[in-house]
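> Letter by letter, the chains look like this.
2 protein chains.
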Amino acid sequence: MQMTRVKAVVAYDGTNFAGYQSQPSMRTVQSEIDKALVKIHKDKKIHSVASGRTDAGVHANGQVIHFDTPLTLPLDRWQTALNVLLPMDIRIVGVEFIDEKFHARYSATGKTYIYKWSYSEVHSPFERNYSVHLGKWHPDVQRMKEATVHFLGTHDFTSFCSSKTATSNKVRTIRQLTLEEQGDLLIMTIEGDGFLYNMVRTIAGTLLAVGKGWNTPADVKRILESCDRKEAGKTAPSHGLYLDSVTYND
Amino acid sequence: MQMTRVKAVVAYDGTNFAGYQSQPSMRTVQSEIDKALVKIHKDKKIHSVASGRTDAGVHANGQVIHFDTPLTLPLDRWQTALNVLLPMDIRIVGVEFIDEKFHARYSATGKTYIYKWSYSEVHSPFERNYSVHLGKWHPDVQRMKEATVHFLGTHDFTSFCSSKTATSNKVRTIRQLTLEEQGDLLIMTIEGDGFLYNMVRTIAGTLLAVGKGWNTPADVKRILESCDRKEAGKTAPSHGLYLDSVTYND
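Heads up: the protein sequence lines correspond to chains X and B, in order. If you're matching positions, the first sequence starts at 1 in this note's numbering and goes up one per residue. If you're matching positions, the second sequence starts at 1 in this note's numbering and goes up one per residue.
Please note: incorrect hints may appear among the correct ones.
You can't tell identical chains apart in this list, so a pair holds if it fits in one copy or across any two.
As the list claims (entries may be wrong) - List time: in silico DSS-like cross-link candidates among lysine-lysine, alpha-carbon distance up to 30 Å: (1) 7 - 234; (2) 136 - 164; (3) 35 - 136; (4) 170 - 101; (5) 212 - 170.
Everything labelled a hint here was simulated from the structure, so no lab data went into it.
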C-alpha cells in the first residue's frame with residue numbers, strides 16, 4: 001500500500017497529562033494523538049513517533065511528530081481533522097508531507113527548550129502551571145548569566161542528568177544558553193544538539209543555585225568536570241519547562 | 001467581642017470552579033475562601049461577603065471580599081495565611097483593615113469587566129480557558145466600536161440580561177466601553193455602576209454579532225429600547241470573561 005509520511009508540529013499544555021509517552025490507563029499526549037489517528041483511519045492502528053518524550057507537567061510550543069498513513073487527504077485537512085478530534089490542550093500548529101527518510105526522532109539536529117520562573121509578589125492564578133514561582137526574592141541574574149558560559153560547547157553532561165539515564169554517551173553540545181527578564185518572568189532559553197533525561201531542568205536548578213549565591217559561576221565548570229549528579233543543583237520543577245522547537249536539516 | 005473587618009482583593013482562575021458562590025458539594029471560590037477562614041479561626045465559622053457572584057468558568061483579577069474576625073493578626077499575616085491555605089487557583093492579591101461601614105457588595109460604586117476573544121489561527125492550548133476562539137475569521141472591529149456608543153450612559157438593560165434575573169430595577173449606567181486589539185486578542189473593557197445577570201456576556205455577544213455583520217451598530221439602540229432579551233445577541237461563553245476590579249468611594 002502506498003503510504004504517505006506526515007510531519008506535524010504540536011503544542012500542548014502539559015498540566016493535565018502524565019507526560020508525553022503512552023502508558024497504560026494514563027492520559028498522555030501520545031495516547032491522545034494516537035487515539036485521534038485511529039479515528040481518522042477507521043479503527044486501523046496508526047502510531048505517531050515524536051522527537052522525544054516530555055515529563056508530566058512539561059509543556060510544548062513545538063514538539064514534532066511523524067506518522068505514516070495510507071489515506072490521501074489534502075494537507076490542510078490533516079490539521080483540521082486532528083484538531084477536531086484532539087482535546088483542546090493539544091493543538092496541531094503545523095503539518096507537512098515529508099520524505100519517508102524523515103524521522104521525528106532520529107533526523108532531529110537540535111532542540112530548543114525554554115524555562116520560566118516568576119518573581120511576581122503573588123503568583124498569578126493564571127500562571128500557576130506555566131512558570132515556577134520564586135516569591136518576592138530576586139536571584140542575582142547577572143551571576144547566573146556569568147555561569148551560562150561554562151555550559152556552552154561540548155561536554156560530558158553526566159552531572160546534569162538523572163542517574164536513571166540509560167544512554168551511555170552523555171556528551172552533548174550546547175549551542176546557545178540565554179537568560180532574559182520579561183516583566184515578572186525570568187526566562188532561560190537553551191539550544192543544543194540533544195538533551196539527556198532531566199538535563200534542562202538540572203541546568204535550570206543549578207543556574208538558580210548560582211543566582212541564590214549557593215554556588216559561584218565558576219563552580220559550574222567544576223560540577224561539569226566532576227561527572228557526578230550529586231554535585232549539581234536540584235532538578236527544577238517540570239511546570240516551568242517548555243519544549244519550544246525541534247530543528248532538522250532540510 | 002471586638003471584631004475587625006478585613007477587605008481583600010482576590011484573583012482566581014475560574015476554570016475549575018462551579019462559579020463563585022458556595023453550593024453544596026461543589027468546588028466554588030467562596031467555599032474555598034470560607035474553608036481557609038475556618039482553619040485560621042480554629043473551626044469557628046467565618047463567612048466572607050463578595051462584591052457579587054461570578055459564573056462557572058468566569059475569572060477574576062480583582063474580586064473584592066470582606067469578612068469580620070475576632071483575631072488580631074497583623075495585616076501582612078492575613079495575606080500570607082490565606083494564600084498558604086488557599087489552592088493555587090485562588091490568590092489573595094491585597095488586604096486592608098477597613099471600617100465596619102464598608103460592605104464588599106453594598107458599598108461598591110462600580111465594576112470593570114474584561115472580555116477576551118482570540119483570533120489566532122489555532123487556539124493556543126495555553127489560552128484555551130482564558131479567551132474565546134473566533135478562528136481565522138476577523139470580526140469588523142471598527143463596526144463593533146461604532147456600536148459601543150449606544151451602550152454608554154444610563155439605560156434599561158432588560159434586553160441584555162438573563163430572563164432569570166430576579167432584580168426588578170434593570171436600569172444601569174455604563175461609564176466606559178472600549179475594544180482594543182492586542183496581538184491575536186480582541187479585548188472588550190466595560191465599566192459601569194453595576195451589572196445584571198449575564199449582562200456583560202450578552203453585550204459581548206451582541207457586539208460580536210455586529211462585528212459579524214448580523215446586526216448594524218444602530219440595531220443596538222433598537223435592541224436596548226425593545227426591552228426584550230430575545231432581540232439581543234447570544235450570551236458569550238463564560239471563559240472569556242474576567243471581573244477586573246471593583247471600585248468603592250473612599
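> Now tell me, hint by hint, if it's right for this structure.
A quick look at each hint next to the structure:
1. 7 - 234: neither (35 Å within a copy, 39 Å between copies)
2. 136 - 164: neither (34 Å within a copy, 45 Å between copies)
3. 35 - 136: between (43 Å within a copy, 26 Å between copies)
4. 170 - 101: within (26 Å within a copy, 67 Å between copies)
5. 212 - 170: Classified as within: same-chain Cα gap 28 Å, cross-chain 57 Å, threshold 30 Å.
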